[in-house]
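Trainee: Based on these hints, arrange chain Z on the given structure of chain P.
There are 2 protein chains.
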Amino acid sequence: MSINKLLGSKKLTSYFWKTYREDPQNIETESHRLLHRTGFISQLSTGIFSFLPMGWRSIEKIKNIIREEMNSSGLIEINLPVIQPSDLWKTSERLDTFIPPLSKFQDRRDNQLIIAPTHEEAVTDMVAKNVNSYRDLPFTLYQIQTKYREDPRPRAGLLRVREFEMNDAYSFDVDEEGLDLSYKNMIKIYKNIFMRCSTEVIIVDADSGAIGGKESNEFVMLADSGEDVILISKDKLYAANVEKAIFKKEKFEKENTINLQYLDTPNKKTIDELKDFLSIDNKKMLKTVIYKADDEIVGCVIRSDYNFNETKIRNYLNATNLNLASDKVIISKDLVPGFISPINIENIRFLYDDSVLLGPGNFIVGGNTKDKHYKGFNLDQDSISYEILDIAEAEEGHISINESILESFRGIEVGHIFKLGDVYSKKMGANFSNKEGKNQNILMGCYGIGVGRLLAACIEANQKNNSMNLPLSISPFSIYLVALQIKDEKVKNLAEKIYKELTDLGFDLLFDDRDIQTGVKFNDSDLLSLPVRRVISKRNIQNDSIEVFERDTDSTISLTYDETITYFKTNLIP
Amino acid sequence: MSINKLLGSKKLTSYFWKTYREDPQNIETESHRLLHRTGFISQLSTGIFSFLPMGWRSIEKIKNIIREEMNSSGLIEINLPVIQPSDLWKTSERLDTFIPPLSKFQDRRDNQLIIAPTHEEAVTDMVAKNVNSYRDLPFTLYQIQTKYREDPRPRAGLLRVREFEMNDAYSFDVDEEGLDLSYKNMIKIYKNIFMRCSTEVIIVDADSGAIGGKESNEFVMLADSGEDVILISKDKLYAANVEKAIFKKEKFEKENTINLQYLDTPNKKTIDELKDFLSIDNKKMLKTVIYKADDEIVGCVIRSDYNFNETKIRNYLNATNLNLASDKVIISKDLVPGFISPINIENIRFLYDDSVLLGPGNFIVGGNTKDKHYKGFNLDQDSISYEILDIAEAEEGHISINESILESFRGIEVGHIFKLGDVYSKKMGANFSNKEGKNQNILMGCYGIGVGRLLAACIEANQKNNSMNLPLSISPFSIYLVALQIKDEKVKNLAEKIYKELTDLGFDLLFDDRDIQTGVKFNDSDLLSLPVRRVISKRNIQNDSIEVFERDTDSTISLTYDETITYFKTNLIP
Numbered sequence: 123m124s125i126n127k128l129l130g131s132k133k134l135t136s137y138f139w140k141t142y143r144e145d146p147q148n149i150e151t152e153s154h155r156l157l158h159r160t161g162f163i164s165q166l167s168t169g170i171f172s173f174l175p176m177g178w179r180s181i182e183k184i185k186n187i188i189r190e191e192m193n194s195s196g197l198i199e200i201n202l203p204v205i206q207p208s209d210l211w212k213t214s215e216r217l218d219t220f221i222p223p224l225s226k227f228q229d230r231r232d233n234q235l236i237i238a239p240t241h242e243e244a245v246t247d248m249v250a251k252n253v254n255s256y257r258d259l260p261f262t263l264y265q266i267q268t269k270y271r272e273d274p275r276p277r278a279g280l281l282r283v284r285e286f287e288m289n290d291a292y293s294f295d296v297d298e299e300g301l302d303l304s305y306k307n308m309i310k311i312y313k314n315i316f317m318r319c320s321t322e323v324i325i326v327d328a329d330s331g332a333i334g335g336k337e338s339n340e341f342v343m344l345a346d347s348g349e350d351v352i353l354i355s356k357d358k359l360y361a362a363n364v365e366k367a368i369f370k371k372e373k374f375e376k377e378n379t380i381n382l383q384y385l386d387t388p389n390k391k392t393i394d395e396l397k398d399f400l401s402i403d404n405k406k407m408l409k410t411v412i413y414k415a416d417d418e419i420v421g422c423v424i425r426s427d428y429n430f431n432e433t434k435i436r437n438y439l440n441a442t443n444l445n446l447a448s449d450k451v452i453i454s455k456d457l458v459p460g461f462i463s464p465i466n467i468e469n470i471r472f473l474y475d476d477s478v479l480l481g482p483g484n485f486i487v488g489g490n491t492k493d494k495h496y497k498g499f500n501l502d503q504d505s506i507s508y509e510i511l512d513i514a515e516a517e518e519g520h521i522s523i524n525e526s527i528l529e530s531f532r533g534i535e536v537g538h539i540f541k542l543g544d545v546y547s548k549k550m551g552a553n554f555s556n557k558e559g560k561n562q563n564i565l566m567g568c569y570g571i572g573v574g575r576l577l578a579a580c581i582e583a584n585q586k587n588n589s590m591n592l593p594l595s596i597s598p599f600s601i602y603l604v605a606l607q608i609k610d611e612k613v614k615n616l617a618e619k620i621y622k623e624l625t626d627l628g629f630d631l632l633f634d635d636r637d638i639q640t641g642v643k644f645n646d647s648d649l650l651s652l653p654v655r656r657v658i659s660k661r662n663i664q665n666d667s668i669e670v671f672e673r674d675t676d677s678t679i680s681l682t683y684d685e686t687i688t689y690f691k692t693n694l695i696p
Numbered sequence: 123m124s125i126n127k128l129l130g131s132k133k134l135t136s137y138f139w140k141t142y143r144e145d146p147q148n149i150e151t152e153s154h155r156l157l158h159r160t161g162f163i164s165q166l167s168t169g170i171f172s173f174l175p176m177g178w179r180s181i182e183k184i185k186n187i188i189r190e191e192m193n194s195s196g197l198i199e200i201n202l203p204v205i206q207p208s209d210l211w212k213t214s215e216r217l218d219t220f221i222p223p224l225s226k227f228q229d230r231r232d233n234q235l236i237i238a239p240t241h242e243e244a245v246t247d248m249v250a251k252n253v254n255s256y257r258d259l260p261f262t263l264y265q266i267q268t269k270y271r272e273d274p275r276p277r278a279g280l281l282r283v284r285e286f287e288m289n290d291a292y293s294f295d296v297d298e299e300g301l302d303l304s305y306k307n308m309i310k311i312y313k314n315i316f317m318r319c320s321t322e323v324i325i326v327d328a329d330s331g332a333i334g335g336k337e338s339n340e341f342v343m344l345a346d347s348g349e350d351v352i353l354i355s356k357d358k359l360y361a362a363n364v365e366k367a368i369f370k371k372e373k374f375e376k377e378n379t380i381n382l383q384y385l386d387t388p389n390k391k392t393i394d395e396l397k398d399f400l401s402i403d404n405k406k407m408l409k410t411v412i413y414k415a416d417d418e419i420v421g422c423v424i425r426s427d428y429n430f431n432e433t434k435i436r437n438y439l440n441a442t443n444l445n446l447a448s449d450k451v452i453i454s455k456d457l458v459p460g461f462i463s464p465i466n467i468e469n470i471r472f473l474y475d476d477s478v479l480l481g482p483g484n485f486i487v488g489g490n491t492k493d494k495h496y497k498g499f500n501l502d503q504d505s506i507s508y509e510i511l512d513i514a515e516a517e518e519g520h521i522s523i524n525e526s527i528l529e530s531f532r533g534i535e536v537g538h539i540f541k542l543g544d545v546y547s548k549k550m551g552a553n554f555s556n557k558e559g560k561n562q563n564i565l566m567g568c569y570g571i572g573v574g575r576l577l578a579a580c581i582e583a584n585q586k587n588n589s590m591n592l593p594l595s596i597s598p599f600s601i602y603l604v605a606l607q608i609k610d611e612k613v614k615n616l617a618e619k620i621y622k623e624l625t626d627l628g629f630d631l632l633f634d635d636r637d638i639q640t641g642v643k644f645n646d647s648d649l650l651s652l653p654v655r656r657v658i659s660k661r662n663i664q665n666d667s668i669e670v671f672e673r674d675t676d677s678t679i680s681l682t683y684d685e686t687i688t689y690f691k692t693n694l695i696p
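Chains as they are written, first to last, in the working numbering: chain P, 123 to 696; chain Z, 123 to 696.
Pulled out of the complex, with its shape left as it was, chain P reads as follows (with noise of 0.2 Å):
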């Protein structure tokens, strides 16, 4: 049975539908403003959604194309369980580190259990006792299946919530090799899901955050209702989220070096006071942070014509938090807050961005003592210990390495894919005997698709005049049929006829049978936005004539009943 067909024609008057004309509170975005108005959601609690009937006749035909693109491509379907004991998150290591934390709950013999977030421990787990040996592998294992994340901004209707379904695949290989194939075969796989939506992604380089794992991509749809800022080269050859996005930095020509010597700066703690003070670049000056990385104090240094990317820093040193470290803990460690220098600091590690070493040096950094700064600093020969690496964010107008600019965008994140290589598999034992006999770790990817995300994402993606206009492909109903005078026999007639035929020819339909005001059915027509409405009305019957309306080429045609039935056998695939 096809999607269309399982999931019925229906008369309204049948159905359970309401829309709105009121929006939302807190409506932030258009697709949380229409996923309300038109009757697809029913908020129960903050990023908790019931799906209502039409809703849910999106996500069932978003889903099924998930799973026709997935199966067809050989991945298999599992299902994994919500309800998971702590004891398996040790495991991973990701009991009491995972962002946001895990939801824990005590069972009735005081066990621990936590609400799955995502479900790499779970698969992993099944695999790991279901597998021996290199004959056993590859294969990509798949699942929708509903998790829980306590965001701690749920935010924009279904675009960021606490409870969703997601499609998430992992992948099982024997080497590098085999992980890289069912990465790419994934991205392919995710590129024809995405299409069948009519949703245009683009693929970026992105953080791997609470997953793990070497190499992530995310698919993420340009908007500007998105939360994720991306970077993309002019030339289109590199995107990249702005968490992980890289540049080339400028070099300037390197001044000869002078001794260090106190400038008096009262009063002046940030960089631009100082630069006003002093008239001089950004480019001459540093800027020095002091972060609390978990348990950790760390200092940051970086040339001040650029900004720290905090991921960047999180990564680096391993830490589950990253925060601006409080004046009581800068002062505890000798700083001077406002003031703060890297100079004969040997209490702390610094961190210091490769920018520094890019010229043109002698900088101006902190003097350490109030209203006091330094001239003439050179990490060579100024710091004893210290440790180099990019923490500068990419931003608009810098170059990209390929020397095109980057633009920045905002955009959804739609799909996200990781490499994890042996980051879970090692520590759950999920291994195999490989050719020769010997015991190997599995390597591993992991792939997510939000389904309801996607679906907003569509939504914000296709809206125009307060209509949704979703694709044919994930639209609740290809055709609204509309019955004006319905108390006409004949018109009540003829409509019953056509919602039959074209219902048979394995169209889905939605047919207004309802005894309302003609304004009313327009409306709630517009609002849901089918690709085709069919108008059956007394005048309509007169003159032998039937009303189309495409809104996709936003035109109207009359015909007879044979051209109708004509028409959408050849116009529309069911």
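Just to be clear, a hint being listed does not mean it is correct.
The list cannot tell twin chains apart, which means a pair is met if one copy fits it or any two copies do.
To be verified - Listed below are the simulated BS3-like cross-link pairs for lysine-lysine, each with C-alpha atoms no more than 30 Å apart in a straight line: (1) Lys691 - Lys127; (2) Lys251 - Lys185; (3) Lys370 - Lys306; (4) Lys306 - Lys622; (5) Lys549 - Lys609; (6) Lys371 - Lys390; (7) Lys614 - Lys336; (8) Lys586 - Lys397; (9) Lys455 - Lys313.
Hints were generated in silico from the structure; no laboratory data involved.
Mentor: Same frame as chain P, but now just chain Z:
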């Protein structure tokens, strides 16, 4: 796309499947044993299972049957959250009384959330928000969604678990007549679903339990491994769960009333001891038991030829918990354990089973003094206040209300339906304005099928000789295609050809293309026991024949290639 096509054919060399020779731990039933050995499920924690690919295919087929039957009968699919605010359950007054107790946790804003064990609250909330008028009714909503219950004793694989997918449905009507229709419609749908799964079920009267409401029926598959005790009259006209079953109690001629007199009954505390000591019939004695019903202490009295039915007692008292009172509690009420008497006790309520009024009278009851009983108790003259009702348990051999002998069976509950009436709609404000413009509560029904348990029940019903023997409709694959000597080019090519041709015809095949011992292949095939097995081997090819084994008829036939294709076209419906 049909479900077979969607799930697709698979080759074992690129599939994820492992069978086991060993039984799982704590195996209690055949279905548990086979689900483990056939690689359907993998245990993650007590009563929490992952579904391996093979098991998940059967679940997907069951869910597809449910969706087809429900959609084609006009039901409407929705989706309700697993995580819900506690406040919602306060409104329905089930937050602290649901059995088993709800699993709760705090979110980061310190609001309490619960993991839903069922969805009456969420669906009533959604409907209350979206229904105004009688014109919006009736409709029946359904979902297939994860639930979690802190079962005190998870057991027997998928028969009794903590996390499970349930197909739950909820009907919304304007009046009792409508509710009746919805209820009957659901009975029809359930019958179709169970029939398509080849599970013979009987419909029995049942207790409403933690769900509430007036009328309730269970769909029970009779099986020795079942937990439920079912009483069925020999004429098949009456069937009920023992928790609910009623029967015709025996009547005896009333004796002439005598006065109460003390009997010496040294150390005779039980009915059996008393019976032997006094050499009299059970029917001449009354049994008195003290219960703690939540916080209330209640006495219950029954003629000794019957036993108490605690479900009936708990329901009458509207109690969440019912337990035998401890000796300490009994003594605190001035009663003497072992010799409890209802006579002249005014500080607690006494419930009498109506058998006490059916003769012969002049009963022996406790003396409320150590080693003493009374003789000559007659309710009407020896008790001041009492409540009379049916609190007796029906047993095998009792007479049904339609005068047929009751027989006792064990069974597995695979579906449970309830007429809720306005239990939830009243508390949660789910009302509508009727034709006269007056507010009225919506009348609800609720309906549930445990998906995993249904699979386990189907296995219990169909298994024989260490094989599941699932019917074609829910068998993970339709056909097991075995290629022996797979390295032989001719064998491989013919097998691949048949694989492709039958797949194109709409069958889902499991192709055993592994280069392993023949014995292992046949063992796995027997364990999985798909409806049809086809064998391609060198010998067969030499004889221009393909071996087709039909499990249903336990017969093997040899066919040419063309005959084989014709056979499948005519004998199996894909």
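Trainee: Give a verdict on every hint.
Mentor: For each hint, the structure was consulted:
Taking the shortest Cα distances, Lys691 and Lys127 sit within 30 Å of each other both inside one copy (16 Å) and across copies (24 Å). Taking identical chains as interchangeable, the C-alpha atoms of Lys251 and Lys185 lie at most 30 Å apart whether they share a chain (29 Å) or sit on different chains (27 Å). In this assembly of identical chains, the alpha carbons of Lys370 and Lys306 lie at most 30 Å apart only when taken from the same copy (28 Å versus 72 Å across copies). Taking the shortest Cα distances, Lys306 and Lys622 sit within 30 Å of each other only across copies (26 Å), while inside one copy they are farther apart (44 Å).
In this homomeric assembly, Lys549 and Lys609 never come within 30 Å of each other (Cα to Cα): the closest approach is 69 Å inside a single copy and 38 Å across copies. For the identical chains of this complex, Lys371 and Lys390 are intra-copy neighbours only, at 27 Å inside a copy versus 97 Å across copies, given an alpha-carbon limit of 30 Å. With identical chains, the CA atoms of Lys614 and Lys336 are never at most 30 Å apart, being 62 Å at best within one copy and 40 Å at best between copies. Within a single copy, Lys586 and Lys397 get their C-alpha atoms no closer than 47 Å, and across copies no closer than 86 Å, so neither meets the 30 Å cut-off.
Taking the shortest alpha-carbon separations for Lys455 and Lys313, neither the intra-copy value of 51 Å nor the inter-copy value of 75 Å comes in at or below 30 Å.
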